[in-house]
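**Q** Modelling step: build the complete structure from the supplied sequences, incorporating the hints.
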Amino acid sequence: MIQHGYEMDFSKQTFSVILYGAPGIGKTTLAMSDGNMGADTLLIDLEHGVSRTNPVHRMNANILSASTYEEVLKDLETDAAKQAKNIVIDTAGSLVDYLKDWALRTKPDAKTKTGAFNGLKGFGYVKSELESFVNRIKTVMNKNVIFIFHCDEKADKDGNPIQRLRCEGSFRNTVWTGIDFGAYIQMLGNKRYACFTPEDEFFAKGCHGIAGHIEIPNLKDGVPNDFLAKLFDSARKTMAEENDAVVGQRNQYEKIMAGVKEMLEGVTDADTANACMKAIMEMDHALTSKKEAGMMLNAKCKTVGLRFDPKAKAYVPDGDQK
Amino acid sequence: MKTKITKTLIESWQYTFDCAEGYEDEAMEDFLATLKREPKEPTEAMINGTTFENQCYALANDPQAIPEKWVNGTRKVAEIIRGGQFQVPVSCDLTIAGRDIWLYGICDVVKAGTIFDVKFRNKSLGSTDVYGKYLDCSQHPIYLKALPEASRFIYLVSDGDDLYTEEYNRSNSKSVEYYVLNFLSWLQSSPELMKIYEERWAVE
Chain A
1 MIQHGYEMDF
11 SKQTFSVILY
21 GAPGIGKTTL
31 AMSDGNMGAD
41 TLLIDLEHGV
51 SRTNPVHRMN
61 ANILSASTYE
71 EVLKDLETDA
81 AKQAKNIVID
91 TAGSLVDYLK
101 DWALRTKPDA
111 KTKTGAFNGL
121 KGFGYVKSEL
131 ESFVNRIKTV
141 MNKNVIFIFH
151 CDEKADKDGN
161 PIQRLRCEGS
171 FRNTVWTGID
181 FGAYIQMLGN
191 KRYACFTPED
201 EFFAKGCHGI
211 AGHIEIPNLK
221 DGVPNDFLAK
231 LFDSARKTMA
241 EENDAVVGQR
251 NQYEKIMAGV
261 KEMLEGVTDA
271 DTANACMKAI
281 MEMDHALTSK
291 KEAGMMLNAK
301 CKTVGLRFDP
311 KAKAYVPDGD
321 QK
Chain B
1001 MKTKITKTLI
1011 ESWQYTFDCA
1021 EGYEDEAMED
1031 FLATLKREPK
1041 EPTEAMINGT
1051 TFENQCYALA
1061 NDPQAIPEKW
1071 VNGTRKVAEI
1081 IRGGQFQVPV
1091 SCDLTIAGRD
1101 IWLYGICDVV
1111 KAGTIFDVKF
1121 RNKSLGSTDV
1131 YGKYLDCSQH
1141 PIYLKALPEA
1151 SRFIYLVSDG
1161 DDLYTEEYNR
1171 SNSKSVEYYV
1181 LNFLSWLQSS
1191 PELMKIYEER
1201 WAVE
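Sequences listed follow chains A and B, in order.
Take the first sequence: its letter number 172 is residue 172 in the numbering used here, and every next letter is one higher.
Take the second sequence: its letter number 131 is residue 1131 in the numbering used here, and every next letter is one higher.
Hints are computed from structural coordinates only; laboratory data are not their basis.
In this text the structure is predicted, and so the values were computed from the model without any measurement.
Wrong hints could be hidden among the right ones.
To be verified - According to the in silico footprint, chain B covers these stretches of chain A (three or more CB under 8 Å from chain B):
{"hint": "1", "segment": "174-180"}
{"hint": "2", "segment": "290-296"}
Claimed, not checked - Far from chain B by the CB rule (all over 12 Å, computed), these chain A residues:
{"hint": "3", "residue": "8"}
{"hint": "4", "residue": "12"}
{"hint": "5", "residue": "14"}
{"hint": "6", "residue": "85"}
{"hint": "7", "residue": "107"}
{"hint": "8", "residue": "142"}
{"hint": "9", "residue": "218"}
{"hint": "10", "residue": "241"}
{"hint": "11", "residue": "275"}
Cβ coordinates follow ideal geometry from the N, Cα and C atoms, glycine included.
**A** Take a look at the structure:
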């Protein structure tokens, strides 16, 4: 199905999220904040730590407990997994550990002669399996994915604290690439905040209007655990608004760039080049089309033996005296 | 008098504070060479960076091209930058603390309102934390200032195999003024260095 930009529907848009913070700060409870007491969530509990959460907030959740990676894959085939809107990986660092175990058992060259994990080969297998696992949940199953990470406090060069994701291998870097929201969870005074804008102490990521410190409600009796549900709704609303604002510019950009490409076909000498330059200057530009069109004209002129003379403000044959 | 400022100049100055312990003299020497605009011998890391970047451009321009090395990383970057314009010069005039400044840079890629910067890491992405590394980098504030039509700046960081991206926009970046003002204030405390700057970085 091909849609025009203005027809796009974001009401079912899914998101990928990173939540990280100190132990006991409430990452798992926050990850299950689907506003439906966990009914829309499948929690892949790789650290067997869900028992530490308040039973009220996981009353309806499906909890996947597995002792091997293969069991996780098998459980993803169940109806409970297929029906969930959100899949929580608790924790992503443990998933990497499960995958190391899987590689050790199933890939002979992931093991050294002494039976230890061969970092070089082994992490190659872990990486490619992890990519396919995450793609499957995000793209094929079309779920919201919430990655929980523990964090380690380290010190920067000047001794200031910095918070880092606890995870082996390149995943702790590459995971950010496909992420919509990444929040560091912290206590400020007696309130908890999800921080979506990077600071010197921690890295974070926000988009579609989600930014800065957002207070996490204190889940007293009767207060719904719906932080992520509300966050996703807000982001979807903003996406639709952003799309309305941008789609006109994007269409204009595409139109201009197509027009410029066509005009460049006709550039053969200084006269046609200068006429083309004038036409580009007079266009109703959008986004970076003016800059890009100028670069394209310059490149084309070089191929037909012209150069730009800044004094004359015109293209001249390259052989002309500078 | 108008003087030029580039991200290379600011970064080389910042490195005198950010370098690892024990490398302070080396960092200062490197900054002075940049300030004096002395030509530098490219290091192996710099050569690798340029080779990787050129491979990405070649594959972006011709999907049939076969990269000589770092195939996976090259493909991931080329896919993103295909259709963009490469090595785009950008500049703008500023007045900061009563000084006329000409901000100048060359964007690796400009495409539909986004500036991309291709970075090659000689160390594997698995060996070190990269996320957040560019938060304090002056490059994205400078380039977003010099190309106001662009709304996003994305670092494309590859070790030749994996790709890590870090995105900034105007709302989550420090201002150019912050970097330039700090740099000029620091220079002002050393009249000798300020003199070198004014001589070597003057523009017509």
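**Q** Look at each hint and say if it fits the structure.
**A** Comparing the hints with the structure gives:
no.	hint	verdict
1	174-180	holds (count 3)
2	290-296	holds (count 5)
3	8	holds (17 Å)
4	12	holds (24 Å)
5	14	holds (19 Å)
6	85	holds (26 Å)
7	107	holds (17 Å)
8	142	holds (22 Å)
9	218	holds (28 Å)
10	241	holds (15 Å)
11	275	holds (21 Å)
No hint from the list above goes unmet by this structure.
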